[in-house]
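Residue numbers (the numbering used here), protein chains in the order written: chain A, 1 to 332; chain B, 1001 to 1499.
Because the hints were derived from the structure by calculation, they are not lab data.
Take these hints with a grain of salt, some might be off.
[Unchecked claim] Computed beta-carbon distance windows for the label pairs: (1) B/Arg1072 x A/Ala324: 22 to 30 Å; (2) B/Arg1370 x A/Leu186: 22 to 30 Å; (3) A/Gly106 x B/Asp1096: 53 to 61 Å; (4) A/Met104 x B/Arg1367: 36 to 44 Å; (5) A/Ile159 x B/Arg1370: 46 to 54 Å; (6) B/Asn1322 x A/Leu186: 49 to 57 Å.
[Stated by the list, open to error] Derived coverage of chain A by chain B (criterion: at least 3 residues anywhere in the stretch with Cβ under 8 Å from a Cβ of chain B; other residues may be distant): (7) 80 to 94; (8) 250 to 264.
Cβ coordinates follow ideal geometry from the N, Cα and C atoms, glycine included.
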Amino acid sequence: MTDTAMEISGVTRNDRFTRGSKLADMLSKAGLGFAILAVVLYGSFVSPAFFTAGNLLNVLTSMSIVGIVVVGMTFVLVAGGLADLSVPATIACGAILSLGLQPMIGPVPAFVLAVGLAGLIGLLNGVLVGYIGINPIIATLGVGTISLGIVQAAVGGVIVYGSNPASAEFAKGRLFGIPVVVLIFLAIALVGHFLLSRSFWGRWTLATGGNYSAAEASAVPVKAVKAGAFVITALASGISGGLLGLTLQSARPLIGAGYEFSAITAVVVGGVSIIGGFGSVPRAIAGLIFVQLLTNVMVLNGVRTPIQGFVLGALIVGAVGVDAALRKRGGA
Amino acid sequence: MTAADCALDMRGISKTFPGVKALSNVNFSVKFGTVHAVVGENGAGKSTLMKVLNGSYAPTSGTIHVGGSEVRMRRPADAQALGIRMVHQEINLVPDLTVAENVYLGRMPARWSLLRKSEMIARAAAVLDELGAAINPRERLGNLSISQQQLVEIAKAYAAKPRIIVLDEPTSSLSEHETAALFRILRKMRDDGIAIVYISHRLKEVLEIADEVTVLRDGSMIETRPIHGITAAGMIRLMVGREVSNVFPKSPAEIGNSVLRVDGLSDGLRFRDISFDVKAGEILGLTGLVGAGRTEVARAIFGLSPLIEGSISVNGRKVSINSPSDAVKAGIAYVPEDRKGDGIVPGMSIRENISLPILRRLTRFGRIRRSADRSLAAGYVKQFSISPPDGERRINLLSGGNQQKAVIAKWLAANPRVLILDEPTRGVDVGAKAEIHHIIGQLVAGGMAVVMISSELPEILGVCDRVVVMRDGHASQPLVRRELSEERIMALATGEEIA
């Protein structure tokens, strides 16, 4: 146990799981559902533009780009890896390379290579956090800054534009009336959900986050599991960045700025524990839906940006506070 | 009893949690200058009562008098202000601070708000010295063994000069030698007029140290008696409400070929040149003072910590073990000493805990086969009568004994040839202890080789076929059953006899 996160979870022996009440569990799940419903009702009430197919489709599309990152970030939090702050860099890597490499190798190989390189950044994060035991915040911040620098230097620090209209058409297109980006997000969410809740890797991830030492002593490859969570997040961010690039047909180095915050907010608001061992992809996505709808309602109502920031910040602090309170109360 | 010599008087204490009545109308009083033991099975309400006493829980009803006057405690700080100190079973110290800083945590001597470090170290040294603990007050706490940390915890409570001191299983991580030292301290504190509440599963110790004993069962006070009016068997009867005939039922098993053999194991630090073997159907005891290196040897065999020398063979074949998963493949399983820290994943169900080491075998195309997962857990829940019999129950909601049974089940699922059990009955109640011994007996009868680490000599003597005694990282020659006696083992463990 070398990093702070593990020490925290080692000391707080009484965790939120001790509350053990199915009722509390249902309430916390349903609570978010009610919150989403409340936002929808409020939104439809105060703004005629809110409950329109166009607006909701917009929300869904922009949600999908963050949503792909959210799926990955869920693994990091559940595995007890705190958070991945290199997301802006991996998104930029995905976006810049999948556009920038198009003239050289064609759109599909460019996309695949971009995602692969993003995954490599995740591997570096994973090795530093999982195997060497560096605090995840510091490791991912450092790796993210380095990677962003390299990507920026490689493209000369300027905006990269798309050169393949067909790929742009695809990314912006629709299938059965649903935007392709949304479909890709749903597919990734399904795969992520399966991986976390049904596969051995997911069980290992939950065990590693729940009690690192016990998982280790149960022959779970804890280091690989922790590292894997960062690889998963980086691959997801790479895909997200690639889609973002293709949609916008341009990518600047700071294209991914803020996505790490949005993703962490969504996951935490969804009730996934920041200390690990508890959470699921559907929960994180419910958190995402709530945050995105709330933001949308605020935008439609002309709430000023500083106030929006205030609300989102309060949400994340509140969610972490509730998590901590649940752990405390569970002491019985 | 007059109000003046009554340190603590709790009357009609009840504590209700949603759906559970943890304490029901409990009366409990302790006189100054006495040691008052509280015994009961896990779940009997001891911990809840102590949490009421130290201000962590407010009682649902009832009154508390301390030193003759009625008090209301809302938080642990209130209890501390009244001179009530608690020594928890689990270490509650800051690993990155020094021993002295931990002893005086929150009350460090200062002048002009500057810390007087040398005075603090000198005072801590004096307290530790008085306790007979050979611990350097300048040492970083995290570098100490668990038993030394436990002594620091006691020193911390003692240094606060309390009126009432509550010790919760203080000897669970102490060797017999250290326990004797602790008892000297407790008697001294008692003679100073401190009221001592002593919670323990170890009835022999209770008989030795306590003046009075209170038995709790199912949240009710069953009886308070002077210690000279009761025997261990009598206490067990009151605790469980039934007779436990044989505490150590050793079923004689057919002893076969050597299964696990270790030769010249060293980790370069905490143990050196350890050699022994265990045969099929045999229980090999590994004992010694806490800190002698027993757990370290077990962890190294299981691949949790590195070896620098030595070889491990299973069924005559040399195996290379660099991780727990190598050990599992080689047929070695390990039930760790620290159940909460290393044994269970608290947020997971009994089922999820049991299948953890062999998850890969239960998957098809990466997907866990639910039916296989369920039936595996259900089988063990039934076989070991884990209570409540519900594999979906979160494991941390079970009693210590049932958690331990689940941890053992987890390893049996991996179908090992050798099972290493590290303090398997620590902190579990009398009934569960007998069940765990019964399970171990069945396993060896089925041809498994078992290594059992224990600090409890009666357990070692009652259960093991052969015993290896460790001292300062070295192992003795194995003692066979007819050579076994508490005196012999203690002599080897303390170095009064060279094997």
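Evaluated hints:
no. : hint                             : verdict
1   : B/Arg1072 x A/Ala324: 22 to 30 Å : 27 Å, holds
2   : B/Arg1370 x A/Leu186: 22 to 30 Å : 24 Å, holds
3   : A/Gly106 x B/Asp1096: 53 to 61 Å : 55 Å, holds
4   : A/Met104 x B/Arg1367: 36 to 44 Å : 39 Å, holds
5   : A/Ile159 x B/Arg1370: 46 to 54 Å : 50 Å, holds
6   : B/Asn1322 x A/Leu186: 49 to 57 Å : 42 Å, violated
7   : 80 to 94                         : violated (count 0)
8   : 250 to 264                       : violated (count 0)
Hints 6, 7, 8 from the earlier list are contradicted by this structure; the remaining hints agree with it.
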